[in-house]
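Engineer: Listed in order, the protein sequences are those of chains A and B.
Anchor point for the first sequence: position 291 equals 888 in my numbering, and the numbering is continuous, going up by one each time.
Anchor point for the second sequence: position 243 equals 322 in my numbering, and the numbering is continuous, going up by one each time.
Calculated directly from the structure, the hints in this document are not laboratory data.
A hint or two may mislead.
Said to hold, decoys possible - A few chain B residues facing chain A, derived, Cβ under 10 Å:
hint	residue
1	HIS167
2	PHE186
3	ILE215
4	LEU348
5	LEU402
6	CYS444
7	HIS445
8	THR446
9	ARG447
10	ARG471
Stated by the list, open to error - In the EDC-like style, the derived pairs of lysine to aspartate or glutamate whose C-alpha atoms are separated by at most 20 Å in a straight line are:
hint	chain 1	residue 1	chain 2	residue 2
11	A	LYS764	B	ASP424
12	B	LYS310	B	GLU380
13	B	LYS202	A	GLU963
14	B	LYS388	B	ASP486
15	A	LYS764	B	GLU322
What the hints assert, rightly or not - Okay, the calculated bits of chain A under chain B, using three or more residues with CB under 8 Å as the criterion:
hint	segment
16	673 to 682
17	697 to 704
18	880 to 886
19	954 to 961
Glycine included, every Cβ here is placed at the ideal spot set by N, Cα and C.
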Amino acid sequence: MNPQVIIPGPDALPLPAPVFLLQFLLQLTFLLHLLAMNALLGGLLITLFARIKGDGGDDPWTSLPDAVAKVSPSLVAATVTLGVAPLLFLQTLYGQFFFTSSILMGWGWFSVVVVLIFAYYGTYLQSFRGKDLGGGQMPLLGLTVILFLWIGFMFTNNTSLMLHPEKWAAMYFADARGLHLNLTDPQLWPRYLHMVLGAVAVAGLMLLWWGRSRLARGDTSGAFMVRTGGGTFTWFTLVNIVLGLWYYMAQPAHVRKLFMGGQPLATALFGIGFVLGIVLVVLGFLLRRQGEGANPWPVSVLALAEMIVMIMMRDAVRAGSLGAHFRPETFAVQPQVLNLVIFAVLLLAGIGVLVWMVRQLYLAWER
Amino acid sequence: MNYPVWELSMGAGILMAWVSILHVFVSHFAVGGGLWLVVTEMRARRTGDDRLLDFVKSHSRFFMLLTLVFGAISGVGIWTTIGLISPHGTSALIHGYVWGWAMEWVFFFLEIGAALVYYYGWKRLDARTHLAMGWIYFIAAFMSLVIINGIVTFMLTPGGWLENHEFWTGFFNPTYWPSAVIRTFMGLAIAGMFTLMTAAGLPRDAFRTRVIRWNAAWAFGGLVVVALAAKWYGASVAVWRDEEALLGAIPILPVVAGYFKWGIIVTALLALVPLLLPKVWNRGLVAVLLLCGLLTMGAGEWTREAGRKPFVIQKYMYSTGMLASQEDVVAEQGMAASAKWISPDAMDDPVRLGRDLYRAYCQPCHTRDGYNGLQPYLAHWDEETVSGLLPRLENIRALMPPWYGTDRENAALTSYLMTMKPQTKPDWPADPDAAAQLAFDVSCGLCHTPDGFRSLRDSFGGMTADEIDEFLDEAGDVDEGMPAYTGTEKQRKALIRYLEELGQEPQPAGETAAVPADSEGRQS
Chain A
598 MNPQVIIPGP
608 DALPLPAPVF
618 LLQFLLQLTF
628 LLHLLAMNAL
638 LGGLLITLFA
648 RIKGDGGDDP
658 WTSLPDAVAK
668 VSPSLVAATV
678 TLGVAPLLFL
688 QTLYGQFFFT
698 SSILMGWGWF
708 SVVVVLIFAY
718 YGTYLQSFRG
728 KDLGGGQMPL
738 LGLTVILFLW
748 IGFMFTNNTS
758 LMLHPEKWAA
768 MYFADARGLH
778 LNLTDPQLWP
788 RYLHMVLGAV
798 AVAGLMLLWW
808 GRSRLARGDT
818 SGAFMVRTGG
828 GTFTWFTLVN
838 IVLGLWYYMA
848 QPAHVRKLFM
858 GGQPLATALF
868 GIGFVLGIVL
878 VVLGFLLRRQ
888 GEGANPWPVS
898 VLALAEMIVM
908 IMMRDAVRAG
918 SLGAHFRPET
928 FAVQPQVLNL
938 VIFAVLLLAG
948 IGVLVWMVRQ
958 LYLAWER
Chain B
80 MNYPVWELSM
90 GAGILMAWVS
100 ILHVFVSHFA
110 VGGGLWLVVT
120 EMRARRTGDD
130 RLLDFVKSHS
140 RFFMLLTLVF
150 GAISGVGIWT
160 TIGLISPHGT
170 SALIHGYVWG
180 WAMEWVFFFL
190 EIGAALVYYY
200 GWKRLDARTH
210 LAMGWIYFIA
220 AFMSLVIING
230 IVTFMLTPGG
240 WLENHEFWTG
250 FFNPTYWPSA
260 VIRTFMGLAI
270 AGMFTLMTAA
280 GLPRDAFRTR
290 VIRWNAAWAF
300 GGLVVVALAA
310 KWYGASVAVW
320 RDEEALLGAI
330 PILPVVAGYF
340 KWGIIVTALL
350 ALVPLLLPKV
360 WNRGLVAVLL
370 LCGLLTMGAG
380 EWTREAGRKP
390 FVIQKYMYST
400 GMLASQEDVV
410 AEQGMAASAK
420 WISPDAMDDP
430 VRLGRDLYRA
440 YCQPCHTRDG
450 YNGLQPYLAH
460 WDEETVSGLL
470 PRLENIRALM
480 PPWYGTDREN
490 AALTSYLMTM
500 KPQTKPDWPA
510 DPDAAAQLAF
520 DVSCGLCHTP
530 DGFRSLRDSF
540 GGMTADEIDE
550 FLDEAGDVDE
560 GMPAYTGTEK
570 QRKALIRYLE
580 ELGQEPQPAG
590 ETAAVPADSE
600 GRQS
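Put together the whole structure using the sequences plus the hints.
Structural biologist: Set out below in structure tokens:
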């Protein structure tokens, strides 16, 4: 028997911009959010590992966490701020799906806000009071990491549940108290782990760059960062290839088919993504062999390209899963050109001011 | 209707209130406090006052920890919460105002970036650059208020937008400017309150006195402007200008508006204490001041929310998600067919149908026995009362969306509501006055007030108990909008007592002038 499928209708008000533009802004701002999120979550996971490994003295495994702790509150700020925009565009385009899945997991989704406030304060506590905490530092860091992992888990639940309208009606009529999650979905765990361990890989690469900038200033502690960061990036990318394949296998047959010739773009992305993954691992190993002086530019540019491919694949999964349920061509569109222009001008000016501000701080710090 | 409804036993409104009141207090601090920081820093630098500069510096840490973390995240929290409890409203606001939100987002990231640079720049940046960061922060935070204010006021008074659906028409709506002034100066007042808190911990000397006076001036001055702007605001809301709502069409409105009014007066008087007697100022008084400020702000926001009833976006979309423009279609096809989330079992199971209808249409605002609970009423009603009221819901003075149930739907919802009726017999007050009041509240009082909205006093003037008794027998024939009287014998006796006394007592002084020309109420 076919399950009953209920999907809210699209909003009665027209979209204030063409669908392709909103899609583009969604993907673009999501990439930025992902970069910040990877630095934060991946950075904290690496930090946690380092804390466990460090002896508390002056070995590099101990000084690394202290350095990360200093920047993590600003990384939370960046992650949240850059997360707001994609969430806005997601709700604009996919509100019918996103609001529904959010309501089904109401408390879980709401918990993100409360948990985030605690996790955020956790990073400030480590940044401002880390040294005074003594033995409490480890448990605090562990708890903070668990809280951030929880937030990510809720996001994965929501973004995967929103792709399964066929599950909603039964879930809702069984229990409307907002206690559902998407735990029975085979793609949940690979999707989540791919995100989390992907974050660790990217954070490894960022650590490598950070180490290089330290070395350039004659700070020898950078060498350890370069080594650790490079190794983390390489090994975790390797793991991510496996996870990516698991994620692919966990897709329903009709979505898998899209990536196997069913749809040229999806198939091309899958192929490029896979090859790029292998190339990144090979480059990663080469980089390690070349030592501190190696040029990380090629691997970084390719890693960024890989992230873009992954985001586009994720979008292909979404389009494939929703299929005929999502028909943007039926949406009424009434572009608000003037407002779009105002936004664009403000955005450019805003980025300019932000860059100027950070530069002032950097220059002063250099002095 | 279009979206599923999150079943929250505490009531969606309560969750919303918690999140939004806390957020609003801190977010206004984020704006006003930004100006305080930069102005006070300028003052300290100009006068070479190092202690004042240190005070600003230490306060900025508290400021950052409160506004960047709690303030910013609880703001995202409001968005999350409205998406859960009013997805249709959120979706409409996003569709109409995506570019507004996107512009706000630019100021949001600038604000956060500037706050971080300002804080981490204390030691490193030169004075001029540091002040520039402070100004950038304040301007970005203020612009964020300027934009959100447009969208929030739009929901209560969309004005010309209802005709043209044009972004800027809805944005600069009739309450835009008074609300912008209220919010700006409330921000300055809250900045004064929070800095009074930081200052209370200073060692007692001349410096402390000076700082406390300075901060108290912000708090008091801000509140005086808020009070004046609130008058202007009240006059800008058409429905309140007619005083119809304030006369009791929305019972909660005069109550919360009263809290707001008295809240401003009490908070302003409290803020006078540190201004006039800075020496007596201490941490205990700070706590009282902040609590008063928080509750006042909460009452203000609640007034605005209550004033919107029964709409999410005034005259455009009801709280249930029904569009005013859809009403004809809904009236034609019935409530179940108009709601998406009705279980297929409901087709042949009336109990299920009743439950699903309740969930889709009642639960967005009501709970069983909590906020806006139905049990306190159901305890005194029987099936006949409920089925008489259902088709007349839009007449209820709490202002509910209209109900277009078919006979089958009405019967199903009535039976479901009756399952919620408390099993034990309700307490009936022993005091005859209290009993009379209760009897009125659960019957006539649902749609009428003694003197204001659809007033009754004159109608019962000079009527005897017997005449009233007779009238109650025929109540259902008076007009279409009125159901038959179905109270128990005990309730009926108490109600007669109430109405008889009402007809005999003259109207309390001072309320005469407030009666609008058309006290018939809002049938249309």
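Engineer: For each hint given before, does the structure comply? Return the numbers of the non-compliant ones in rising order.
Structural biologist: Hints 4, 6, 7, 8, 9, 10, 14, 15, 18 contradicted; others consistent.
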